[in-house]
Each structure stands twice: as structure tokens, then as C-alpha cells.
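Residue numbers (my numbering), protein chains in the order written: chain A, 1 to 334; chain B, 335 to 660; chain C, 661 to 940.
Hints were generated in silico from the structure; no laboratory data involved. Treat the hints loosely; a few may be bogus.
Simulated restraints on C-beta separations [stated by the list, open to error]:
(1) A:Arg203 to B:Pro371: 49 to 55 Å
(2) B:Ser358 to A:Asn122: 35 to 41 Å
(3) A:Glu241 to B:Leu398: 48 to 54 Å
(4) A:Glu140 to B:Glu337: 55 to 61 Å
(5) A:Ser124 to B:Ser358: 39 to 45 Å
(6) B:Glu337 to A:Glu241: 51 to 57 Å
(7) B:Lys538 to C:Pro849: 50 to 56 Å
(8) C:Tyr763 to B:Gly474: 31 to 37 Å
Okay, derived cross-link-like pairs now, BS3-like style, lysine-lysine, Cα gap no bigger than 25 Å in a straight line [claimed, not checked]:
(9) B:Lys593 to A:Lys202
(10) A:Lys79 to A:Lys3
(11) B:Lys414 to C:Lys841
Quantities reported herein were computed from a predicted structural model and do not represent experimental measurements. Even for Gly, the Cβ is constructed at its ideal location relative to N, Cα and C.
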Amino acid sequence: MLKLSNVSARYNVFDYYVNVINNVSFTVNENEIFGIAGESGCGKSTLLKVMYDFIEYPFEITSGSVELESAGANGEINKYKNGEIRNRRWREISYVPQGAMHVLNPVTKIGAQFYDTVSRHNKSVNKKELNDRIVAYLKELELPPEVMKSYPHQLSGGMKQRVMIALATFQNPALMLADEPTTALDVVVQRGILGMLSRVQKRINNSIVIVSHDLGVHYQITDRMGIMYAGEMVEIGPTDELFTNPRHPYTKMLINALPRIGDISQKEGISGTPPSLRSPPPGCRFASRCMYASELCKKLPPCKYYISGTHQASCHLLKGLYPKLQPEEAIPRD
Amino acid sequence: MTEYLLNVENLSKSFQFGGIFMGSKIMAVDNVSLRLPKDNPCITSIVGESGSGKTTLARMILGLLDPTFGEISLDGRKLKGFGKKEFYRLVQPIFQNPFSTFSARNKVDTYLYETARNIAGCKSAALADEAVGRALDSVGLGLNQIKGKYPNQFSGGELQRISIARALIPSPKLIIADEPVAMVDASMRMNIVNLFKRLRDEYKVSFIYVTHDLSTAYYVSDYIATMYRGNVIEYGNAKLVLGNPAHPYTKLLLDSIPKVGQRWSKDVVLPDIESKEYASESCRFAPRCPHATEQCRQSMPGLAEIEENHLVLCYKYHTEKNCPSM
Amino acid sequence: MKSFLKYSNLQLKIGLILLIIIFTIGFIFPLFRGSHADEWNSYPKYLKPGIEHIFGTNALGQDIFWLLAKSIRSSLIIGLIVAFFATIIGVFLGMLAGLQGGYVDRIISLVMDTFIVVPSLPILILIASLLKGQTSVLAMAAVLILFSWSWPARQVRSMALSLRERDFIDTACFSGESKLKILIKEFLPFILSWSAANFINTILSAIRMESTLAVIGMSNNSLATLGTMIYWALQYQAMLQGKWLWIGVPVIATIVIFGALFMTLSGAQKYNATKRGQLA
Chain A
1 MLKLSNVSAR YNVFDYYVNV INNVSFTVNE NEIFGIAGES GCGKSTLLKV MYDFIEYPFE
61 ITSGSVELES AGANGEINKY KNGEIRNRRW REISYVPQGA MHVLNPVTKI GAQFYDTVSR
121 HNKSVNKKEL NDRIVAYLKE LELPPEVMKS YPHQLSGGMK QRVMIALATF QNPALMLADE
181 PTTALDVVVQ RGILGMLSRV QKRINNSIVI VSHDLGVHYQ ITDRMGIMYA GEMVEIGPTD
241 ELFTNPRHPY TKMLINALPR IGDISQKEGI SGTPPSLRSP PPGCRFASRC MYASELCKKL
301 PPCKYYISGT HQASCHLLKG LYPKLQPEEA IPRD
Chain B
335 MTEYLLNVEN LSKSFQFGGI FMGSKIMAVD NVSLRLPKDN PCITSIVGES GSGKTTLARM
395 ILGLLDPTFG EISLDGRKLK GFGKKEFYRL VQPIFQNPFS TFSARNKVDT YLYETARNIA
455 GCKSAALADE AVGRALDSVG LGLNQIKGKY PNQFSGGELQ RISIARALIP SPKLIIADEP
515 VAMVDASMRM NIVNLFKRLR DEYKVSFIYV THDLSTAYYV SDYIATMYRG NVIEYGNAKL
575 VLGNPAHPYT KLLLDSIPKV GQRWSKDVVL PDIESKEYAS ESCRFAPRCP HATEQCRQSM
635 PGLAEIEENH LVLCYKYHTE KNCPSM
Chain C
661 MKSFLKYSNL QLKIGLILLI IIFTIGFIFP LFRGSHADEW NSYPKYLKPG IEHIFGTNAL
721 GQDIFWLLAK SIRSSLIIGL IVAFFATIIG VFLGMLAGLQ GGYVDRIISL VMDTFIVVPS
781 LPILILIASL LKGQTSVLAM AAVLILFSWS WPARQVRSMA LSLRERDFID TACFSGESKL
841 KILIKEFLPF ILSWSAANFI NTILSAIRME STLAVIGMSN NSLATLGTMI YWALQYQAML
901 QGKWLWIGVP VIATIVIFGA LFMTLSGAQK YNATKRGQLA
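Build the full structure now, drawing on both the sequences and the hints.
Here it is in C-alpha cells:
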């Protein structure tokens with residue numbers, strides 16, 4: 001579906017480079033919801049931009065490749081590499097940015113904006129028919145028809161976000177990328193939107209990548225998850241397995257920092273801050289905050305270990321317990 | 335009534351949109367009453383979704399917005415009767431966005447020193463240094479880390495802690511925090527929320543914690559008030575309200591928290607376009623409520639006391655004895 | 661200096677070089693010889709350009725080059741005085757209107773909007789004709805200031821209105837800062853950067869207004885400014901007589917001043933953007 005192989009990327013600031021993404025490899029399979037979790041500044045939004053082919057100076061990819069595979073109309077498999085993916089936007093791949101509710105034009109009605117975007121991909125259809133289709137689609141997503149005639153400021157944040165998701169899924173793209181889709185919204189609306197995303201996914205059987213720093217959100221709707229820290233993927237695996245059997249110390253600490261209802265035991269946040277990506281440490285990037293860190297951790301970056309066919313983590317503590325994943329080996333599909 | 339630190343009585347705020355003839359009126363805060371005990375510092379959470387009126391309520395208590403109706407009293411005296419500096423010595427705010435709390439063009443410590451000099455009454459530079467240093471210490475930061483730096487040199491979590499330190503300098507009795515952890519990372523939130531608990535115990539400060547995040551509210555509050563579209567729909571001791579939620583909306587809120595270990599079972603009815611909901615004279619939650627009756631759609635219920643320290647605004651709980659106003 | 665060279669662009673460099681040339685001609689050269697440049701009949705009339713007189717002399721017996729130097733100086737002085745006072749008055753009244761609100765805002769806005777809407781040129785012509793050409797440099801400047809303060813005031817007022825709503829103003833209030841201190845420490849930094857750009861624009865607009873008045877004969881013709889140079893050249897029909905230098909030189913000088921200031925301004929903006937890493 002979408003495969004990232006050893007992708008590294010950096011920002012070119014005049015005097016120096018900021019290495020935001022370091023050697024990230026994973027695959028998003030068909031018909032699944034993949035979550036990317038991590039604290040702010042870890043590079044998850046930037047990773048989405050790489051996946052969406054949003055690469056513009058001063059941001060550049062230094063190594064690795066992104067490949068998007070999709071089934072064409074006649075059943076043939078089309079492959080697109082980075083550089084070509086941008087031509088498939090809104091068709092095979094779509095993107096809901098962070099704070100998407102702010103990207104709506106404040107002086108145009110929603111209906112007009114919707115029509116503007118989708119009419120470019122449906123040139124053969126006449127205006128009335130397209131508008132009818134839009135209204136029907138919005139109704140399916142439980143948005144009242146008055147939305148078409150409203151201006152963005154008349155809608156609540158949750159509604160605007162739902163409109164954005166409707167826009168992103170109207171063309172039935174095979175892959176949808178959502179960057180913090182519910183961060184600014186309260187829990188009830190969040191639940192509604194995540195439910196909507198889940199329903200849409202089940203209906204058209206596409207794949208969704210959700211980036212969020214809230215692990216609770218990941219638990220509720222993702223099938224597989226990747227944990228990012230300081231520009232690297234430290235653990236990838238099925239969501240249930242990650243929550244019940246986290247292997248990387250950072251994943252363990254993240255899960256422990258979650259407050260839960262009914263549980264008022266003392267919770268601890270993770271102390272310290274992520275390393276500067278301008279001059280990252282030579283060893284494991286989490287070593288400075290890790291309670292299990294050893295001298296080796298500070299000197300040598302860990303390699304990836306297989307916990308199971310679908311679960312992998314990068315940590316020196318796993319050496320000897322699990323087989324190593326060689327760099328040339330393909331990442332397994334489940 | 336000097337036994338209350340803060341006494342909010344029948345507070346309402348309405349906003350007028352459009353002109354005099356064609357405009358609409360929104361009751362952002364509708365007939366809210368709240369009390370904070372005097373010598374017993376506690377953390378009161380005001381929980382609600384966006385548009386519930388909690389920020390408007392917080393701004394009125396801070397004196398940044400004038401109420402349309404109702405009275406706010408601090409320590410028995412009306413809010414209007416306070417001089418500015420006197421008021422700032424008692425009440426301090428913490429805002430949601432740590433990056434806009436400080437001007438990007440000024441060094442962060444200027445605000446700390448200003449507070450120390452103007453409100454905490456530090457006459458000399460040495461005293462001001464001491465006061466600022468102490469406040470920063472209590473939030474886990476050092477004066478040397480902060481001195482001379484601009485806001486863009488800090489992370490969101492650090493800036494928010496500096497904001498808390500600034501609020502602590504005059505040793506206020508009440509701190510009003512408007513969504514203080516909304517823009518802070520999940521891993522940092524617990525640090526800040528734990529800080530509130532510690533400050534309540536060590537510095538004897540009461541907090542009003544406005545948020546839409548029920549998990550942190552449950553973890554940290556002594557009292558909790560849930561708001562929906564301008565009304566306080568449930569209010570009382572936090573353990574009672576969250577352990578035994580009465581109002582259907584509180585139940586919905588509790589249920590919608592993404593819990594680890596339990597997946598959501600059914601779907602929710604999402605709110606309609608806002609202007610429609612605000613205009614109604616009935617119970618505002620009725621369109622989404624699974625238990626709504628005709629009475630709910632006709633008129634607004636009154637506050638009922640279902641047990642001590644637990645009040646609900648819902649017809650379901652009205653009996654002759656617990657709702658004397660009916 | 662090294663970082664300046666690294667981030668600067670061609671526009672900024674050209675603009676600054678031209679500005680330096682203009683200022684040298686306008687302020688440094690007259691120190692040597694230009695004090696009597698505007699006196700009539702200092703030299704024989706209509707001399708061709710040569711070593712003694714670089715641009716020759718005109719019908720009034722003035723050396724064109726030294727006259728130009730003095731004119732540039734006068735025009736720039738008028739421009740600077742007008743810009744300085746108009747900006748100060750405009751910023752102060754704009755901030756007052758934006759922050760105070762209420763009646764103060766209404767009165768200031770009324771006056772401000774009147775001055776913006778009423779076309780300045782006809783009024784200036786009226787005032788100039790009433791004074792019948794007796795005005796001095798300072799009087800000209802005062803009249804021009806009257807018409808230049810309203811635009812910055814309007815802009816600053818809207819900036820103040822939006823800045824007033826920001827969180828850090830509330831933080832400043834709760835830190836006990838007095839209103840004056842908030843004005844200076846919180847508002848001013850934002851307004852100053854806009855004001856700098858506006859300052860340069862006001863210089864240009866003042867020079868333009870003065871030149872326009874002078875060319876149509878409404879200014880004091882014995883003053884040496886770029887406008888009056890053109891006026892006298894037209895009076896003596898320099899174009900018909902083929903005395904291109906006389907009429908050409910002030911026009912080109914005006915264009916060069918405008919160009920230099922504009923290039924410096926936009927070059928400076930580009931420089932800042934490059935420094936912040938927003939441009940490749």
C-alpha cells in the first residue's frame with residue numbers, strides 16, 4: 001500500500017541542518033487504520049508530510065524512498081514514488097492537516113468550497129448533480145444539510161472538522177492521512193469524529209493513518225501503531241499487543257503516563273526533554289531519559305528486533321531475547 | 335457571607351450578534367451559581383465542551399468581562415468594589431496558550447519581575463529576585479534557566495510552568511486556570527496537574543480548573559461542575575459526581591473518554607448547528623438526550639439536590655422535596 | 661558586517677548605495693560650496709557644462725549642480741521633518757483611539773477620517789494661495805504634516821484594536837503594569853516595525869506633495885527645492901530651448917530618491933525574511 005524504506009529527511013537552515021527524520025521504515029497495509037504516536041516535536045507531522053509528498057525547500061529527503069501502490073481502474077497495480085505521489089493527491093491519497101478547521105475560507109460558504117475542490121476531479125459531471133451528490137454524502141456522515149449554506153464561523157469546531165473529513169474522503173481515496181484530527185476538540189465530539197472515521201473506513205475499506213499524541217485515541221480505533229521519538233520509529237506493532245506488551249522503555253512510560261478514570265494512583269509524567277535534532281546524540285536518542293539506559297545505549301544506536309512477525313522495537317535491552325531485523329530485510333506484512 | 339472565598343450568584347452573560355433589529359442573542363452563561371469555601375483550599379473543575387460557556391465564566395470571575403446579570407463576590411466583597419492591585423493580589427490567571435501568554439518580543443522574566451515589584455510589593459531588586467526565584471523553584475525551574483530568554487526559546491510545558499510561577503508570586507488565594515494543559519503534550523500534562531495539587535496543599539491556593547478533559551479533572555479535583563451550553567448541569571463533590579453521574583450529559587462525557595482497556599460500544603448523537611441550540615428556552619440538552627420528555631423540550635428545569643454536595647439540573651431527578659423552586 | 665553581506669540581496673545593496681550617494685550630494689557637498697547656490701546671477705547665464713560647472717548654469721545664473729545639491733537637501737529636510745512629526749502624532753493618536761475606546765476613540769476617528777477623505781491637494785493649493793508665496797520651509801512642513809498624520813493614525817488604531825485582545829495584554833495587566841507601561845512595552849514593539857516602513861513612505865509623500873505644489877507655482881519660489889527647480893525650468897521654457905540638463909536633472913534626482921528609498925525598504929524586508937530563514 002504505502003511503503004517507507006529507510007527514509008531520512010532534514011531541514012536546511014542557513015548554517016546547519018535539523019535532522020527531523022532518521023531512517024524510518026514501515027508499511028501501511030490495505031484496509032487498516034495505522035496510528036503514529038509520540039510527543040510534540042518527535043517528527044510525526046513531518047513524517048506525514050513526507051508521506052503526502054509535501055517536500056519543498058528548505059525541507060529535503062536525504063535518503064530512502066516512499067512508494068505508493070494502488071489498484072487502478074482496470075485492476076492493474078500502479079506504483080508511485082515520491083515526486084509522483086503529489087499528482088495523485090485527492091485521488092489515491094488525501095490529507096487532513098492539523099487544525100483543519102482553520103483551513104476553510106472564512107468568507108465563502110461551505111457548499112461553494114466543497115464544490116470547488118471536488119469539481120476539479122469530476123469535470124464531466126454537471127453542477128447540480130455534483131451538488132446533490134455532496135449533500136447526500138454529507139447526510140451519510142450525519143451532517144445536517146444546512147451546513148452547505150453556512151459560513152465556517154457559524155459552525156462549531158467539531159462540525160468543521162467533520163466537513164474536512166468529508167472533503168478528504170469524497171473521492172474514496174485509498175489512503176487518508178489525518179494529522180491530529182481531534183486535538184482541539186472535546187471528548188464527545190472526538191468520539192463522534194473517530195466513530196465517523198471508523199465507519200468510513202469500514203465502508204470503503206481504505207487505509208487511514210492517524211497521527212496523535214493521545215494514546216487513548218490510538219487504543220480506540222487503530223489496528224496497528226508506530227511510536228515515534230526524536231525522529232525515529234522506536235516501536236511498531238498491532239495496537240493491542242503494544243498496549244499489553246510494550247517492549248520499548250519509551251512506550252512503557254507513555255502508557256504509564258495515561259490517567260484513567262477510577263484510578264487515582266499517583267501518575268508520573270516523563271521528566272526531561274527530547275534531544276536537539278540539530279546535533280543528535282550518537283547512541284540511542286532516548287538514552288538521556290531512559291531509566292534502563294546503559295553506557296552502550298549512549299554510544300551505539302540500537303538496531304531493530306522482531307518481537308513477533310508483526311511487532312518490532314529498537315532497543316539494546318532486547319538483544320539476545322529476540323532475533324534481529326536486518327536492514328535489507330523487507331518489513332513483514334500481516 | 336464571609337464564609338465563602340468566591341460567591342457567584344445567578345451570573346448571566348449574553349452576547350448580541352447582528353444589529354438591533356435582525357440580530358440574535360446568545361446566552362453564553364445562563365444563571366450560574368457557584369461557591370468556593372473560604373479556609374479550605376480546594377480545586378474546583380469546570381468541565382464542558384467548547385461553547386459551554388466555561389471560558390466566559392472564567393473571564394467574568396477574572397474581571398476581564400462584565401456580566402449582564404448577577405453578582406460575583408470575593409471574600410464577601412463585590413468584585414466591583416476592589417481596587418485593581420488589591421484584586422490582583424487575590425486572584426491570578428493561567429491562560430490556555432502558553433505562547434500567547436507572554437509577548438514574543440519581551441523577555442519572559444520581565445513579567446515575573448513586574449508582578450514581584452507591583453503586586454507582591456518587592457521594593458528592592460534583591461527582594462524581587464528572591465520572590466521570583468522562590469516561585470520558579472516551586473514549579474521546578476531555576477532562575478538561571480529563565481533569565482534573559484524569550485518565549486520562543488522554551489517549550490509549551492516550560493512556558494506554562496513559568497506562567498504558573500508568575501501567578502504564584504503574589505501568593506494569591508485563587509488561581510483561575512483556563513484549559514492550562516490543552517496545548518501541552520500528554521506526557522507533560524500530569525506534571526502540571528500534579529503541580530496544582532501540590533500548590534493547593536503547600537501554598538494553600540484554591541484553583542478553578544476550566545477544562546474539557548475529564549480524566550485530568552477526575553484526577554485532580556475536589557469539586558466539579560459540568561456545563562452545557564451556558565448552564566451548570568451538575569455540581570458537587572468530584573467523587574460523588576463522577577462516581578455516580580446523574581445528568582445524561584455527564585454520563586456521556588464520562589463514557590466518551592478514550593479509555594485504554596475498553597472500547598466504545600455505541601455511537602453518539604453529535605450537536606446540531608450552535609445558533610439553533612442557544613436560542614431554545616427548554617433544556618438545552620434535550621435534542622441529544624436519550625431520556626428526553628415533552629416537559630424537557632418545553633421548559634428549563636431547576637437545580638435539584640439528589641444527595642448532599644451533589645446538584646443536578648434535570649427533570650429526571652425532580653421530586654417535591656429536593657427541588658423547592660418548582 | 662559579514663552576516664549583513666551574507667543575507668542581503670541586490671535590491672538592498674543598490675538601494676543603500678544610491679541613498680549614500682544622494683545623502684552625500686545633499687548634505688556633504690553643500691558644506692564646501694553650496695551655501696549661495698540659490699542666489700541669482702552668481703554666474704554668467706546659460707553656460708555649457710564644463711569643469712567649472714559640471715551641469716552648466718541656468719537662466720537665473722545659478723550653477724545647476726550646486727543648486728541640485730541644495731535642493732536635494734531642502735527637499736529631504738522637508739520630507740524628514742514631515743515624516744517624523746506626522747508619524748509621532750499619528751502613532752500617538754492612533755494608539756490612544758484604539759486603546760481608550762469610547763468617546764475618545766469616536767472623536768479622534770472623526771477627525772482622522774475627515775482628513776483622510778478630504779482631498780489634500782486642493783486644500784493645500786488653497787492654503788498656499790492664501791499665504792501668497794511667503795511660506796518658509798518650516799511653514800510648508802507644518803502644512804504637510806497636517807495632511808500626513810491621519811493615515812498612520814488609522815493603521816495604528818486598527819493594530820491597537822486587535823492587539824488589545826491578546827492574552828499577553830491580560831498577563832501584563834495582572835502583573836500590575838500601569839497603562840502607560842503597557843503602551844510602551846507591549847504595544848509599541850509591534851507598532852514600531854510598521855511605523856518604520858510608514859516613515860519612509862511619508863518622506864516620499866511629503867517630497868511629492870511639496871514638488872507638486874512648487875511646480876504649479878503655489879510654493880515659495882525663492883526656496884531651493886527640487887520642486888522649485890522644476891518650476892523655474894518650466895517658467896523659462898527649458899524644454900523648448902533644449903536646456904535638458906536644467907529640467908532633466910531635478911526630475912531624475914526625484915526619481916532616484918524615490919527609487920532608492922523604495923529599494924532600501926523592500927530590500928530590508930527581504931533581508932529580514934532571509935535572516936529568519938523564510939526565503940531560500
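Hint check:
Remark: the range hint 49 to 55 Å for Arg203 of chain A to Pro371 of chain B is upheld by a beta-carbon distance near 53 Å. About 37 Å separates the C-beta atoms of Ser358 of chain B and Asn122 of chain A, a value consistent with the hinted range of 35 to 41 Å. As the Cβ distance of Glu241 of chain A to Leu398 of chain B is approximately 49 Å, the hint placing it in 48 to 54 Å holds. Here the CB-CB span from Glu140 of chain A to Glu337 of chain B is close to 56 Å, well matched to the stated 55 to 61 Å.
Judged by the Cβ atoms, the range 39 to 45 Å given for Ser124 of chain A and Ser358 of chain B holds: they are separated by roughly 42 Å. The beta-carbon spacing between Glu337 of chain B and Glu241 of chain A, approximately 55 Å, falls within the hinted interval of 51 to 57 Å. At roughly 38 Å, the beta-carbon separation of Lys538 of chain B and Pro849 of chain C lies outside the given 50 to 56 Å, and the hint is violated. Taken as a hint, the range 31 to 37 Å is violated for the pair Tyr763 of chain C and Gly474 of chain B, whose Cβ atoms sit roughly 48 Å apart.
For a cut-off of 25 Å, the pair hint linking Lys593 of chain B to Lys202 of chain A stands: about 22 Å separates their Cα positions. For the hint pairing Lys79 of chain A with Lys3 of chain A, the CA-to-CA distance comes to about 11 Å; that is within 25 Å, so the pair holds. The suggested pairing of Lys414 of chain B with Lys841 of chain C holds, with an alpha-carbon distance near 24 Å, which does not exceed 25 Å.
The structure fails hints 7, 8 (numbered hints given earlier, in ascending order).
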